[in-house]
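Counting from 1, one number per residue, gives the positions in the sequence shown under UniProt numbering.
Think of the hints as simulated: they come from the structure by calculation, not from any bench. Built from N, CA and C at the ideal position, the CB exists for glycine as well. Hints may be right or wrong, so weigh each one.
[To be verified] If you anchor each label on the Cβ, the simulated ranges turn out as follows: (1) R24 / P96: 29 to 37 Å; (2) P82 / N48: 33 to 41 Å; (3) Q89 / L36: 32 to 40 Å; (4) D8 / Q89: 37 to 45 Å; (5) D9 / V70: 30 to 38 Å; (6) N48 / A26: 18 to 26 Å.
[As the list claims (entries may be wrong)] DMTMM-like mimics (lysine to aspartate or glutamate), calculated; alpha carbons at most 20 Å apart, straight line: (7) K74 / D92; (8) K39 / D71; (9) K47 / D8; (10) K78 / E64; (11) K106 / D90; (12) K39 / D8; (13) K47 / D90; (14) K39 / E73; (15) K101 / E73; (16) K33 / E64; (17) K47 / D92; (18) K106 / E12; (19) K74 / D98; (20) K74 / E61; (21) K101 / E77; (22) K107 / D43; (23) K33 / E61; (24) K47 / E85; (25) K106 / D71; (26) K47 / E73; (27) K106 / D72; (28) K47 / E102; (29) K107 / E61; (30) K101 / D72.
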Amino acid sequence: MSIQVDDDDVLEMCNIYAQETHHREALILGNRKGLLELKNAIDQALKNGSAVANLYPSDFEGYETCIALVDDEKQFEKLITPYVEEYTQDDDAIDPIDIIKEYDSKKEKPL
Numbered sequence: 001m002s003i004q005v006d007d008d009d010v011l012e013m014c015n016i017y018a019q020e021t022h023h024r025e026a027l028i029l030g031n032r033k034g035l036l037e038l039k040n041a042i043d044q045a046l047k048n049g050s051a052v053a054n055l056y057p058s059d060f061e062g063y064e065t066c067i068a069l070v071d072d073e074k075q076f077e078k079l080i081t082p083y084v085e086e087y088t089q090d091d092d093a094i095d096p097i098d099i100i101k102e103y104d105s106k107k108e109k110p111l
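Please construct the entire structure, taking both the sequences and the accompanying hints into account.
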């Protein structure tokens with residue numbers, strides 16, 4: 001086990017593993033800095049509706065994790081299922097990126 005002395009040199013490491021199928025576990029593994037980046041983005045999404053966490057998986061290829069608050073139960077029920085294995089989706093299923101884009105468009109509009 002290595003001990004990192006200078007936190008500035010540590011990347012926000014976080015692997016997010018999706019469920020393969022229903023009733024299977026999803027996994028989030030990360031170092032302290034990565035999990036805090038994810039936590040802070042979740043806190044920001046709870047406050048502002050959406051947020052982005054900038055993370056690095058175990059191959060060090062950085063990626064963005066987009067987080068959005070969906071309080072509307074009917075809208076949430078229409079989201080496509082998050083499983084790795086594809087299932088038949090309803091014709092009117094909502095892609096999660098559409099939720100993110102909706103929040104982004106609201107942020108871009110001047111008051």
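Hints, verified against the model:
1. Between R24 and P96 the C-beta distance comes to about 19 Å, which lies outside the given range of 29 to 37 Å.
2. Checked against the hint of 33 to 41 Å, the C-beta distance between P82 and N48 comes to roughly 23 Å, which is inconsistent with it.
3. Checking the proposed 32 to 40 Å range against Q89 and L36 shows it holds: the Cβ atoms sit about 34 Å from each other.
4. The hint said 37 to 45 Å for the Cβ distance between D8 and Q89, and at roughly 44 Å that hint holds.
5. Between D9 and V70 the C-beta distance comes to about 36 Å, which sits within the given range of 30 to 38 Å.
6. Evaluation of the 18 to 26 Å hint for N48 and A26 yields a pass: the beta carbon distance comes to about 24 Å.
7. Using a Cα cut-off of 20 Å, the hinted pair K74 and D92 holds, with the two alpha carbons roughly 12 Å apart.
8. For the hint pairing K39 with D71, the CA-to-CA distance comes to about 19 Å; that is within 20 Å, so the pair holds.
9. Our distance criterion of 20 Å between C-alpha atoms is broken by K47 and D8, whose separation comes to about 27 Å.
10. Pair hint K78 plus E64 does not hold up; C-alpha atoms about 24 Å apart against a cutoff of 20 Å.
11. Restraint check for K106 and D90: the C-alpha separation of about 27 Å exceeds 20 Å, so the hint is violated.
12. For the proposed pair K39 and D8, the alpha carbon gap of about 18 Å is at most 20 Å, so the pair holds.
13. About 31 Å separates the Cα atoms of K47 and D90, which puts this hinted pair outside 20 Å; it is violated.
14. For the hint linking K39 to E73, the alpha-carbon distance of about 23 Å lies beyond 20 Å, and the restraint is violated.
15. Among the hinted pairs, K101 with E73 is consistent with the structure: their alpha-carbon atoms are about 19 Å apart, no more than 20 Å.
16. Straight-line distance between C-alpha atoms of K33 and E64 comes to about 15 Å, which keeps the hinted pair within the 20 Å bound.
17. Between K47 and D92, the direct Cα distance comes to roughly 28 Å. Violation of the 20 Å bound is thereby established for this hinted pair.
18. Of the supplied pair hints, the one linking K106 and E12 is violated, its CA atoms being roughly 28 Å apart against a limit of 20 Å.
19. Of the supplied pair hints, the one linking K74 and D98 holds, its CA atoms being roughly 15 Å apart against a limit of 20 Å.
20. As the CA atoms of K74 and E61 are separated by approximately 36 Å, the hinted pair breaks the 20 Å bound.
21. Taking the CA atoms of K101 and E77, the gap is about 18 Å. The hint holds against a cut of 20 Å.
22. Note on K107 and D43: the hinted pairing holds, with a Cα-Cα distance of about 17 Å set against a maximum of 20 Å.
23. In summary, the hint linking K33 to E61 is supported, as the alpha carbons are separated by about 16 Å, within the 20 Å threshold.
24. Between K47 and E85, the direct Cα distance comes to roughly 32 Å. Violation of the 20 Å bound is thereby established for this hinted pair.
25. Between K106 and D71 the alpha-carbon distance is near 16 Å, which keeps this suggested pair within the 20 Å criterion.
26. Of the pairs offered as hints, the one joining K47 and E73 holds, with about 18 Å between alpha carbons and a cut-off of 20 Å not exceeded.
27. For a cut-off of 20 Å, the pair hint linking K106 to D72 stands: about 17 Å separates their Cα positions.
28. With a C-alpha separation of about 16 Å, the suggested pairing of K47 with E102 holds against the 20 Å cut-off.
29. Using a Cα cut-off of 20 Å, the hinted pair K107 and E61 is violated, with the two alpha carbons roughly 28 Å apart.
30. At most 20 Å may separate the alpha-carbon atoms for a hinted pair to count; K101 and D72 meet this at roughly 16 Å.
In this structure, the earlier hints numbered 1, 2, 9, 10, 11, 13, 14, 17, 18, 20, 24, 29 are contradicted, and the remaining ones agree with it.
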